[in-house]
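Undergrad: From first to last, the protein sequence lines are chains A and B.
So in this note's numbering, spot 157 of the first sequence is number 235, and the numbers just go up one at a time.
So in this note's numbering, spot 4 of the second sequence is number 17, and the numbers just go up one at a time.
A couple of the hints might just be wrong.
[What the hints assert, rightly or not] Listed below are the simulated SDA-like cross-link pairs for lysine to any residue, each with C-alpha atoms no more than 25 Å apart in a straight line:
1) A:K250 with A:Y147
2) A:K399 with B:D84
3) A:K250 with B:L54
4) A:K245 with B:Q59
5) B:K157 with B:F31
6) A:K356 with B:A58
7) A:K374 with B:L121
8) A:K374 with B:L134
9) A:K396 with B:K88
10) A:K363 with B:S123
11) B:K119 with A:I381
12) B:K119 with A:N235
13) A:K307 with B:L121
14) A:K396 with B:L82
15) A:K352 with B:F60
16) A:K390 with B:K19
17) A:K245 with B:Y47
18) A:K396 with B:I79
19) A:K245 with B:Q39
20) B:K22 with A:L384
21) A:K396 with B:F85
22) B:K22 with A:A386
23) A:K245 with B:V42
24) A:K361 with B:F60
25) B:K22 with A:S394
26) A:K312 with A:G322
27) B:K22 with B:F87
28) A:K170 with A:P150
29) B:K88 with A:A387
30) A:K374 with B:I69
31) B:K44 with A:V164
32) A:K363 with B:I69
33) A:K307 with B:S123
34) B:K44 with A:W219
Calculated directly from the structure, the hints in this document are not laboratory data.
Keep in mind it's a predicted model, so treat the numbers as computed, not measured.
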Amino acid sequence: MTSKISRRAFLKGSITAVGSVAATTSVARAAKSITKGKNEPLVTLLDISKCIGCEECVFACQEANAAKYPEPEKPFPKMYPPRVPVEDWSDKRDVTDRLTPYNWLFIQRASAIVNGEEIELTIPRRCMHCDNPPCVKLCPWGALKQEENGLSRIDSNICLGGSKCRKACPWKVPQRQTGVGLYLDLLPALAGNGAMYKCDRCYNKLEKGEVPACIEVCPEDVQTIGPRKEILKKAHALAKDMNGYIYGEHENGGTNTIYVSPIPFEQLNERIEKGKGKPHLNKVKNMMADGTNLAKAMIVAPIAGLAAAFGKFYLSSKEDKS
Amino acid sequence: MNSQAKIRKYIYSITVFFIALSGFAQMPVFKRYYIADIPGLSWLAQFYVTHIMHYIAAIVLITFVIYVLFDFIFKGRGLNTITRIGYFKIVILAGLVITGSLMVVKNLPSIYFNHNVIIVLDLVHLGFCMILLGAGLYSLIMKKKWVS
Ligand code: SF4
Ligand code: SF4
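This is chain A alone, in the form it adopts within the complex (with noise of 0.2 Å):
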């Protein structure tokens, strides 16, 4: 823990005042273009070759949230049956090497050469914000929302823990505490199982015309916020200009995070530790895909029982009059 924040004071000194003049101004950039894409959906793009990994924006990103962090209360009650699991991080909040209920951005690292070099690439990890968010979608309580500016988050009054948004997610993003939560209030013992925790690309800031923490900190600028097209159009420019790769752009059908990386995502997907709270690379069909398909059909479906009741109704008045 000291090393932690004796490191994060010698960032918030160094780094940072260097970076600053730079931050600021690009800061500015994205707080406008935040306000112009109303009717747009909101797009990151992350430049991976940028990132130093310096965990800036890890930390802003617990600082700028801490007041959404669960508190729960212990010991927690009995659930039954005694399968289900306790998830339990409230004395793990220093963890910053994956996802948990109180970390929603961590740093991935991937060894990697790069002209001839070996480098290391340290990708910065949280909610990709889906286009058509499964987790939120298939909530049965409707405890996740999806706002019109892309980013999806989760109501942790509303939410029951069951876990199911991070089952539906195909990058196991969500992050689940026992002993908070609306459960309690309900039927502890029988269901529900905590709250789900993830980035919600801080909602709050944005409404007040802000960019999220994590953007605003980073002295190397690794991230950028706008409308969508604008954006698509930068991290092609980008990919082009670097002789890079993309991700996130057709993933589970489109998401609102785009990377852009020197190496392709395939041979960084082979590096970086994946499991539990650290998500994978790999590509991602439309999870969503089969319902949208389905739901076409669905408007058949009258037209065809309408049309069935008549041809019933024909052949046998024309059977009457024979």
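Given the coordinates of chain A, work out where chain B with the ligands should sit on it, guided by the hints.
TA: Same frame as chain A, but now just chain B with the ligands:
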């Protein structure tokens, strides 16, 4: 009961069974309570599978309900032949179809429903489902028919 009515009853019962089962599976309960551990039932804990199943069952149910409704109209049987429990179940079914359809729309890409509307839809849909199952059970036990 003539054979046509029997077939209708089977189609209706099977569809309602599967739509209710896949509907309840939208809540993460089948895994917790070991039901998905029963051989052959593991799909009940696979949310994308149950989601698709619920949609398919809804397509069957909507087609069937509209067919029966218009068949009734075309036959020219009077509204007074519908029993009280029949009317009750028709209203609840209509409620289920309407709330369900709205939820299908909500799940389409780039559709943003008001958050409170989503919560109300979820709860009302679940409530209607419980009422319909209750009314169905009552009709079964008391041998009540849809039409007299
Ligand atoms: S990445 Fe996962 S948690 Fe984030 S919006 Fe997509 S499905 Fe939801
Ligand atoms: S994104 Fe920026 S703030 Fe975050 S680790 Fe990379 S350089 Fe540091």
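Undergrad: All hints are to be evaluated individually against the structure, with a verdict given for each.
TA: Going through the hints against the structure:
Only pairs whose Cα atoms come within 25 Å are accepted, and A:K250 paired with A:Y147 is accepted, the gap being roughly 19 Å. Using a Cα cut-off of 25 Å, the hinted pair A:K399 and B:D84 holds, with the two alpha carbons roughly 19 Å apart. Between A:K250 and B:L54 the alpha-carbon distance is near 23 Å, which keeps this suggested pair within the 25 Å criterion. Among the hinted pairs, A:K245 with B:Q59 is consistent with the structure: their alpha-carbon atoms are about 9 Å apart, no more than 25 Å.
Taking the CA atoms of B:K157 and B:F31, the gap is near 22 Å; set against the 25 Å cutoff, the hint holds. With a C-alpha separation of about 23 Å, the suggested pairing of A:K356 with B:A58 holds against the 25 Å cut-off. Using a Cα cut-off of 25 Å, the hinted pair A:K374 and B:L121 holds, with the two alpha carbons roughly 10 Å apart. A threshold of 25 Å between alpha carbons decides the hint, and for A:K374 with B:L134 the separation of about 20 Å falls inside it, so the pair holds.
For the hint pairing A:K396 with B:K88, the CA-to-CA distance comes to about 14 Å; that is within 25 Å, so the pair holds. Pair hint A:K363 plus B:S123 holds up; C-alpha atoms about 18 Å apart against a cutoff of 25 Å. Note on B:K119 and A:I381: the hinted pairing holds, with a Cα-Cα distance of about 22 Å set against a maximum of 25 Å. A threshold of 25 Å between alpha carbons decides the hint, and for B:K119 with A:N235 the separation of about 22 Å falls inside it, so the pair holds.
This hinted pair checks out: A:K307 and B:L121 have alpha carbons roughly 21 Å apart, not beyond 25 Å. About 21 Å separates the Cα atoms of A:K396 and B:L82, which keeps this hinted pair within 25 Å; it holds. About 23 Å separates the Cα atoms of A:K352 and B:F60, which keeps this hinted pair within 25 Å; it holds. A threshold of 25 Å between alpha carbons decides the hint, and for A:K390 with B:K19 the separation of about 17 Å falls inside it, so the pair holds.
Simply put, A:K245 and B:Y47 have alpha-carbon atoms about 17 Å apart, close enough for the 25 Å limit, and the pair holds. Restraint check for A:K396 and B:I79: satisfied, since their Cα atoms lie roughly 22 Å apart, inside the 25 Å limit. A hinted pair counts as satisfied when its Cα atoms are at most 25 Å apart, and A:K245 with B:Q39 qualifies at roughly 12 Å. For the suggested pair B:K22 and A:L384, the alpha carbons sit about 19 Å apart, so the restraint of at most 25 Å is met.
Annotation: proposed proximity of A:K396 to B:F85 holds, straight-line Cα distance about 18 Å (limit 25 Å). For the given pair, B:K22 sits about 17 Å from A:A386 by alpha-carbon distance, which is consistent with the 25 Å threshold. At most 25 Å may separate the alpha-carbon atoms for a hinted pair to count; A:K245 and B:V42 meet this at roughly 13 Å. Distance hint between A:K361 and B:F60 is fulfilled; the C-alpha atoms sit about 20 Å from each other, no more than 25 Å.
A threshold of 25 Å between alpha carbons decides the hint, and for B:K22 with A:S394 the separation of about 21 Å falls inside it, so the pair holds. With a C-alpha separation of about 13 Å, the suggested pair A:K312 and A:G322 falls inside the 25 Å cut-off, and the hint holds. Of the supplied pair hints, the one linking B:K22 and B:F87 holds, its CA atoms being roughly 20 Å apart against a limit of 25 Å. Restraint check for A:K170 and A:P150: the C-alpha separation of about 13 Å stays at or below 25 Å, so the hint holds.
For the hint linking B:K88 to A:A387, the alpha-carbon distance of about 10 Å falls within 25 Å, and the restraint holds. At most 25 Å may separate the alpha-carbon atoms for a hinted pair to count; A:K374 and B:I69 meet this at roughly 12 Å. Taken as a hint, the B:K44 and A:V164 pair is honoured in the structure, with Cα atoms around 15 Å apart against an allowance of 25 Å. Under the criterion of a C-alpha separation no larger than 25 Å, the hint pairing A:K363 with B:I69 is consistent with the structure, at around 21 Å.
The hinted pair formed by A:K307 and B:S123 meets the criterion: a straight-line CA distance of about 15 Å does not exceed 25 Å. Taking the CA atoms of B:K44 and A:W219, the gap is about 18 Å. The hint holds against a cut of 25 Å.
Hint compliance for this structure: no hint is broken.
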